[in-house]
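In my numbering, the protein residues as written are 47 to 198.
Since the hints were made in silico from the structure, they are not lab data. Keep in mind it's a predicted model, so treat the numbers as computed, not measured. A portion of the hints provided could be inaccurate.
Said to hold, decoys possible - Beta-carbon label-pair distances, calculated as ranges: (1) A187 / D105: 20 to 28 Å; (2) A120 / L144: 15 to 23 Å; (3) T64 / I191: 25 to 33 Å; (4) L71 / Q103: 37 to 45 Å; (5) S66 / P170: 31 to 39 Å; (6) S167 / F189: 18 to 26 Å; (7) G128 / L169: 33 to 41 Å; (8) L71 / K100: 25 to 33 Å; (9) A120 / K142: 18 to 26 Å; (10) V137 / Q82: 19 to 27 Å; (11) D140 / R67: 28 to 36 Å; (12) A120 / G146: 14 to 22 Å; (13) V137 / L92: 17 to 25 Å; (14) L144 / T64: 21 to 29 Å.
Beta carbons: idealized from backbone N, C-alpha and C, even for Gly.
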Amino acid sequence: MQPFKEHADRKDTTSPMTFSRADALTVAELLRTTAQAEILPRFRNLSAGAIRTKTSQLDLVTDADEAAERVIEAELLRLFPGALVVGEEGVSRDPKLLDGLGDADLAFILDPVDGTLNFASGLPLFGVMAAVVMRGRLFAASFSIRSPTIGR
Numbered sequence: 047m048q049p050f051k052e053h054a055d056r057k058d059t060t061s062p063m064t065f066s067r068a069d070a071l072t073v074a075e076l077l078r079t080t081a082q083a084e085i086l087p088r089f090r091n092l093s094a095g096a097i098r099t100k101t102s103q104l105d106l107v108t109d110a111d112e113a114a115e116r117v118i119e120a121e122l123l124r125l126f127p128g129a130l131v132v133g134e135e136g137v138s139r140d141p142k143l144l145d146g147l148g149d150a151d152l153a154f155i156l157d158p159v160d161g162t163l164n165f166a167s168g169l170p171l172f173g174v175m176a177a178v179v180m181r182g183r184l185f186a187a188s189f190s191i192r193s194p195t196i197g198r
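Turn these sequences into a full structure, and let the hints guide you.
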């Protein structure tokens with residue numbers, strides 16, 4: 047995956063963070079490229095060990111969820127130093143990650159594979175989601191879905 051341009055407004059880490067339309071497009075592109083690199087190659091190609099339960103038989107996590115979340119989180123932290131990134135799989139392991147969400151100048155909430163049950167079952171009804179929260183308020187959201195069955 048090609049690196050993205052760093053957040054231009056984030057040179058001074060003492061001032062409140064900003065988030066522009068260009069930043070939203072960068073995040074959307076990050077979701078799209080991560081889906082192509084980490085999620086779609088695993089669609090209908092998961093071994094039994096690559097699918098695990100979290101809280102119930104219907105609450106699943108796959109290797110694709112975890113790999114995508116790692117890539118997206120690392121890239122968001124590189125692009126937006128000092129931002130808080132709260133991913134579904136990270137919160138599943140450590141619910142205290144949610145504690146700073148209301149106070150963060152800039153936070154990202156991730157669901158690396160929204161529709162994991164569908165994904166794990168081979169149904170092409172899933173996507174990658176990110177929400178942008180600034181000081182406790184929803185600011186923007188992005189949802190990337192590319193149907194592996196129709197190629198868009």
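These are the hints, each one checked on the structure:
no.	hint	in the structure
1	A187 / D105: 20 to 28 Å	22 Å, holds
2	A120 / L144: 15 to 23 Å	20 Å, holds
3	T64 / I191: 25 to 33 Å	28 Å, holds
4	L71 / Q103: 37 to 45 Å	38 Å, holds
5	S66 / P170: 31 to 39 Å	33 Å, holds
6	S167 / F189: 18 to 26 Å	20 Å, holds
7	G128 / L169: 33 to 41 Å	38 Å, holds
8	L71 / K100: 25 to 33 Å	32 Å, holds
9	A120 / K142: 18 to 26 Å	20 Å, holds
10	V137 / Q82: 19 to 27 Å	25 Å, holds
11	D140 / R67: 28 to 36 Å	32 Å, holds
12	A120 / G146: 14 to 22 Å	18 Å, holds
13	V137 / L92: 17 to 25 Å	22 Å, holds
14	L144 / T64: 21 to 29 Å	23 Å, holds
The structure fails none of the hints (numbered hints given earlier).
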